[in-house]
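Asks: So the chains spell out like this:
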Amino acid sequence: MNASVRTIGLNGRELLLLAACALAIVVFSIAAPAFGTPANAATILRNSVELLLIGLGMTFILAMGGIDVSIGIVMGLAAIAVGKLLEGGAPVPIAALAGPLAGMALGLITAAVVVLGRIPAIVGTLGLLGVYRTAIFVALGGQWLSGLPTGLTELLYARPLGIPVSAWIIAIAYLAAWLALRRTPYGPHLLAIGNAEEKARLSGIAVTRVRFATFVASGFLAGVAATFYVATYRNVEMSIGSTLALDAIAAVVLGGTSILGGRCSLIGTVLGVLLLRILQNGLLLIGVPSLWQTVVTGALLIGVLGMEAAAGRLKFSSIGQAAR
Amino acid sequence: MNNDFLVAKGVTKRFGALTALSGIDLTIRSGEVLALLGDNGAGKSTFIKVVSGAHPPSDGTILIEGQPVSFNSPKDAADAGIATIFQELALSENLSISENVFLGRELTNTVLGVPFLRRNEMKQRVAGLLDELDADISDAEAPVGSLSGGQRQAVAICRALNLNARLVIMDEPTAALAVAETRKVLGLTRRLAERGCAVVLISHNISDVFEVADRMVVFRRGRKVAERLRNETTPEEIVALITGAHPDVRALEKAS
Numbered sequence: 034m035n036a037s038v039r040t041i042g043l044n045g046r047e048l049l050l051l052a053a054c055a056l057a058i059v060v061f062s063i064a065a066p067a068f069g070t071p072a073n074a075a076t077i078l079r080n081s082v083e084l085l086l087i088g089l090g091m092t093f094i095l096a097m098g099g100i101d102v103s104i105g106i107v108m109g110l111a112a113i114a115v116g117k118l119l120e121g122g123a124p125v126p127i128a129a130l131a132g133p134l135a136g137m138a139l140g141l142i143t144a145a146v147v148v149l150g151r152i153p154a155i156v157g158t159l160g161l162l163g164v165y166r167t168a169i170f171v172a173l174g175g176q177w178l179s180g181l182p183t184g185l186t187e188l189l190y191a192r193p194l195g196i197p198v199s200a201w202i203i204a205i206a207y208l209a210a211w212l213a214l215r216r217t218p219y220g221p222h223l224l225a226i227g228n229a230e231e232k233a234r235l236s237g238i239a240v241t242r243v244r245f246a247t248f249v250a251s252g253f254l255a256g257v258a259a260t261f262y263v264a265t266y267r268n269v270e271m272s273i274g275s276t277l278a279l280d281a282i283a284a285v286v287l288g289g290t291s292i293l294g295g296r297c298s299l300i301g302t303v304l305g306v307l308l309l310r311i312l313q314n315g316l317l318l319i320g321v322p323s324l325w326q327t328v329v330t331g332a333l334l335i336g337v338l339g340m341e342a343a344a345g346r347l348k349f350s351s352i353g354q355a356a357r
Numbered sequence: 010m011n012n013d014f015l016v017a018k019g020v021t022k023r024f025g026a027l028t029a030l031s032g033i034d035l036t037i038r039s040g041e042v043l044a045l046l047g048d049n050g051a052g053k054s055t056f057i058k059v060v061s062g063a064h065p066p067s068d069g070t071i072l073i074e075g076q077p078v079s080f081n082s083p084k085d086a087a088d089a090g091i092a093t094i095f096q097e098l099a100l101s102e103n104l105s106i107s108e109n110v111f112l113g114r115e116l117t118n119t120v121l122g123v124p125f126l127r128r129n130e131m132k133q134r135v136a137g138l139l140d141e142l143d144a145d146i147s148d149a150e151a152p153v154g155s156l157s158g159g160q161r162q163a164v165a166i167c168r169a170l171n172l173n174a175r176l177v178i179m180d181e182p183t184a185a186l187a188v189a190e191t192r193k194v195l196g197l198t199r200r201l202a203e204r205g206c207a208v209v210l211i212s213h214n215i216s217d218v219f220e221v222a223d224r225m226v227v228f229r230r231g232r233k234v235a236e237r238l239r240n241e242t243t244p245e246e247i248v249a250l251i252t253g254a255h256p257d258v259r260a261l262e263k264a265s
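Those sequence lines, one after another, are chains A and B.
So the first sequence is numbered by my numbering: it starts at 34 and just counts up by one.
So the second sequence is numbered by my numbering: it starts at 10 and just counts up by one.
To be clear, the hints were calculated from the coordinates, so they are not data collected in a lab.
A portion of the hints provided could be inaccurate.
[Claimed, not checked] Between beta-carbon pairs, the in silico distance windows are: (1) B:E236 to A:A239: 38 to 44 Å; (2) A:R216 to B:H213: 41 to 47 Å; (3) A:L49 to B:N12: 55 to 61 Å; (4) B:N129 to A:T276: 40 to 46 Å; (5) B:N12 to A:I155: 52 to 58 Å; (6) A:T265 to B:E97: 48 to 54 Å; (7) B:N129 to A:G339: 39 to 45 Å; (8) B:R199 to A:A209: 56 to 62 Å; (9) B:P124 to A:Y190: 46 to 52 Å; (10) B:N81 to A:I77: 56 to 62 Å; (11) B:N129 to A:A67: 48 to 54 Å; (12) B:D140 to A:T276: 49 to 55 Å; (13) B:N129 to A:A239: 23 to 29 Å; (14) B:H213 to A:G163: 51 to 57 Å.
[Claimed, not checked] Within a straight-line C-alpha distance of at most 25 Å, the following computed SDA-like cross-link-like pairs (lysine to any residue) qualify: (15) B:K84 to A:L149; (16) B:K58 to B:S82; (17) B:K132 to A:G163; (18) B:K132 to A:R216; (19) B:K58 to B:A29; (20) B:K84 to A:E230; (21) B:K84 to A:V243; (22) B:K84 to A:T217; (23) B:K58 to B:G25; (24) B:K132 to A:W211; (25) B:K132 to A:G237; (26) B:K132 to A:L212; (27) B:K58 to B:A87; (28) B:K58 to B:E181; (29) B:K84 to A:R151; (30) B:K132 to A:R234; (31) B:K58 to B:D13; (32) B:K132 to B:V120; (33) B:K58 to B:S79; (34) B:K132 to A:A210; (35) B:K132 to A:L208; (36) B:K263 to B:R232; (37) B:K84 to A:R242; (38) B:K132 to A:A239; (39) B:K84 to B:G69; (40) A:K117 to A:L149.
Just so it is clear, the structure is predicted and the values come from calculations on it, not from any experiment.
For glycine and all other residues, C-beta sits at the position ideal for the given N, C-alpha and C.
Chain A with its partners taken away, still in its complex shape (with noise of 0.2 Å):
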């Protein structure tokens, strides 16, 4: 049923993402004159860039049964090296390209951690986390980087085809992610791990080496995000990535990927993270103190999985073998 569905159109989920998206617009426009304009519908677009690009890479750990609890960190260390070569004049490119260099490396790290290392994601990323934060504080010696040079910004001013340049990487992203799951075998094989890892060993999946290549691959797009971060706001805070596992995590499940594997949607992906930043851009502006993003992040999160828990769609496999 889905399968069929889940290439030519919207299902159900999404289907509802996008009419939640609709309502929050209506809500919110009537709710705060600011909202509903052209200038605050391109800050939500472009609050969401990092977090769509990370939600890709998310979407691919969380669907074979993984996941990454230190993927905001890792795009904060890779921006402090993008904004510290920048600081020391490093050429544009040069900075640019750091970004997803940084994040592939850290990608790699979590990949002998937690592929090599045969520790569960959660705990192996959670450690991840406590090493990062440290080592970002280390890294900008309790200083912001801040008012780095306007080289790389430049470059987001280009409209190749009169398209921003935020636009085209989001849509060249999405397509690769898209043409590896639906065209590749790398994707059957990602969501056979995610239903059951013993069983695609058994069917002669290369298991450690595609669920390598996912959490390198999401590394490398974190890193994107850094590269687009540090030019969008020309600065590196302390609290750099803090949320951005939390938001991650939140909109892909709710874009309808399954938390425990073995079933994703990329479409699904995207939807999720606009409504999340929909939600989170229209609360503030109607004045509800931006500590308070989180609160929602986490309840939407809770709430959805509260659901498919209902629904009974929390389980490994849809007769219920577990193969761990």
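Go by the hints and put chain B onto chain A.
Replies: Just chain B, lined up with the frame of chain A:
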């Protein structure tokens, strides 16, 4: 004689002090359904694990088409054309039928180093196989999770055929199935043999065995105690052989 696919000679398997199999001589022929019968712990599963490469034998030899082989892993056995369909089918319920049939062996076209799936070709191959097996499945794109137990057996058989299996071992394929489904799977088993495959069927269900098997081998306490052609025996005799009430078995067990 030339349709002997696999010949086991004196196959013995010991686990420490326990002898799970002792001196099994057995011939598995192409185009024939061979039933392995026996009580729990009789050695059927151990024998199957030796033949499918999961356990190396402690003693004895296995010949495939006259050539001695030694399997170090299930992959070696699979490469030799042996497919085992276990009770807990190794299918991914969240993937489609054709994705399952080709899982780990997808057909691809490589463009700029990226292996793109040849989806239509795989779909057609699977539809053809399902049709050939008369499996009663119309859509090769349906997720396996939506199929019945018997249909899942058909998918597992398709997968084995697609991997060019020449010996298909089926472990209790009808154990969890309703009556109509059981008939379907027995039909599939028969058609597999008619296609020239060698089929080994493990079952506790005597009436199933009498419906499809050409030959029956009874295991008891790690030994082969009897071999019968279907038209030379009766269900009563087979049951007596399994339980040890049969005079032949008594004589054999007294002698040792």
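Asks: Evaluate each hint against the coordinates.
Replies: Each hint, compared with the structure:
1. Distance hint for E236 of chain B and A239 of chain A: a CB-CB separation of about 42 Å, consistent with the stated range 38 to 44 Å.
2. Here the CB-CB span from R216 of chain A to H213 of chain B is close to 45 Å, well matched to the stated 41 to 47 Å.
3. Between L49 of chain A and N12 of chain B the C-beta distance comes to about 59 Å, which sits within the given range of 55 to 61 Å.
4. Roughly 44 Å separates the CB atoms of N129 of chain B and T276 of chain A, a value that falls within the hinted 40 to 46 Å.
5. Under the hint 52 to 58 Å, the C-beta atoms of N12 of chain B and I155 of chain A, about 55 Å apart, fit the expected range.
6. One distance hint, 48 to 54 Å for the beta-carbon pair T265 of chain A and E97 of chain B, holds here, with the actual separation near 51 Å.
7. With their beta carbons about 41 Å apart, N129 of chain B and G339 of chain A fall inside the hinted range of 39 to 45 Å.
8. Distance hint check for R199 of chain B and A209 of chain A: the Cβ-Cβ separation is about 48 Å, which falls outside the suggested range of 56 to 62 Å.
9. Judged by the Cβ atoms, the range 46 to 52 Å given for P124 of chain B and Y190 of chain A is violated: they are separated by roughly 38 Å.
10. A hinted range of 56 to 62 Å for the beta carbons of N81 of chain B and I77 of chain A is consistent with their spacing of about 59 Å.
11. Range check, N129 of chain B to A67 of chain A: Cβ separation about 52 Å, and the 48 to 54 Å hint holds.
12. Checking the proposed 49 to 55 Å range against D140 of chain B and T276 of chain A shows it holds: the Cβ atoms sit about 54 Å from each other.
13. About 25 Å separates the C-beta atoms of N129 of chain B and A239 of chain A, a value consistent with the hinted range of 23 to 29 Å.
14. At about 54 Å, the CB distance of H213 of chain B to G163 of chain A agrees with the hint of 51 to 57 Å.
15. A distance of roughly 23 Å separates the Cα atoms of K84 of chain B and L149 of chain A; the hinted pair therefore holds under the 25 Å criterion.
16. Of the supplied pair hints, the one linking K58 of chain B and S82 of chain B holds, its CA atoms being roughly 10 Å apart against a limit of 25 Å.
17. Straight-line distance between C-alpha atoms of K132 of chain B and G163 of chain A comes to about 47 Å, which puts the hinted pair past the 25 Å bound.
18. About 14 Å separates the Cα atoms of K132 of chain B and R216 of chain A, which keeps this hinted pair within 25 Å; it holds.
19. In summary, the hint linking K58 of chain B to A29 of chain B is supported, as the alpha carbons are separated by about 12 Å, within the 25 Å threshold.
20. Proximity of K84 of chain B to E230 of chain A is assessed by CA-CA distance (about 18 Å); at most 25 Å being required, the pair is judged to hold.
21. Simply put, K84 of chain B and V243 of chain A have alpha-carbon atoms about 19 Å apart, close enough for the 25 Å limit, and the pair holds.
22. The suggested pairing of K84 of chain B with T217 of chain A holds, with an alpha-carbon distance near 24 Å, which does not exceed 25 Å.
23. Straight-line distance between C-alpha atoms of K58 of chain B and G25 of chain B comes to about 17 Å, which keeps the hinted pair within the 25 Å bound.
24. As the CA atoms of K132 of chain B and W211 of chain A are separated by approximately 20 Å, the hinted pair is consistent with the 25 Å bound.
25. For the proposed pair K132 of chain B and G237 of chain A, the alpha carbon gap of about 20 Å is at most 25 Å, so the pair holds.
26. For the hint pairing K132 of chain B with L212 of chain A, the CA-to-CA distance comes to about 18 Å; that is within 25 Å, so the pair holds.
27. Taking the CA atoms of K58 of chain B and A87 of chain B, the gap is about 12 Å. The hint holds against a cut of 25 Å.
28. For the suggested pair K58 of chain B and E181 of chain B, the alpha carbons sit about 14 Å apart, so the restraint of at most 25 Å is met.
29. In summary, the hint linking K84 of chain B to R151 of chain A is supported, as the alpha carbons are separated by about 24 Å, within the 25 Å threshold.
30. Restraint check for K132 of chain B and R234 of chain A: satisfied, since their Cα atoms lie roughly 23 Å apart, inside the 25 Å limit.
31. Of the supplied pair hints, the one linking K58 of chain B and D13 of chain B holds, its CA atoms being roughly 20 Å apart against a limit of 25 Å.
32. For the proposed pair K132 of chain B and V120 of chain B, the alpha carbon gap of about 20 Å is at most 25 Å, so the pair holds.
33. This hinted pair checks out: K58 of chain B and S79 of chain B have alpha carbons roughly 13 Å apart, not beyond 25 Å.
34. A C-alpha spacing of about 23 Å is found between K132 of chain B and A210 of chain A, which places the hinted pair at or below 25 Å, so the restraint holds.
35. As the CA atoms of K132 of chain B and L208 of chain A are separated by approximately 24 Å, the hinted pair is consistent with the 25 Å bound.
36. This hinted pair checks out: K263 of chain B and R232 of chain B have alpha carbons roughly 14 Å apart, not beyond 25 Å.
37. For the given pair, K84 of chain B sits about 18 Å from R242 of chain A by alpha-carbon distance, which is consistent with the 25 Å threshold.
38. Using a Cα cut-off of 25 Å, the hinted pair K132 of chain B and A239 of chain A holds, with the two alpha carbons roughly 23 Å apart.
39. Distance check on the hinted pair: K84 of chain B and G69 of chain B sit about 21 Å apart at the alpha-carbon level, within 25 Å; holds.
40. For the given pair, K117 of chain A sits about 31 Å from L149 of chain A by alpha-carbon distance, which is inconsistent with the 25 Å threshold.
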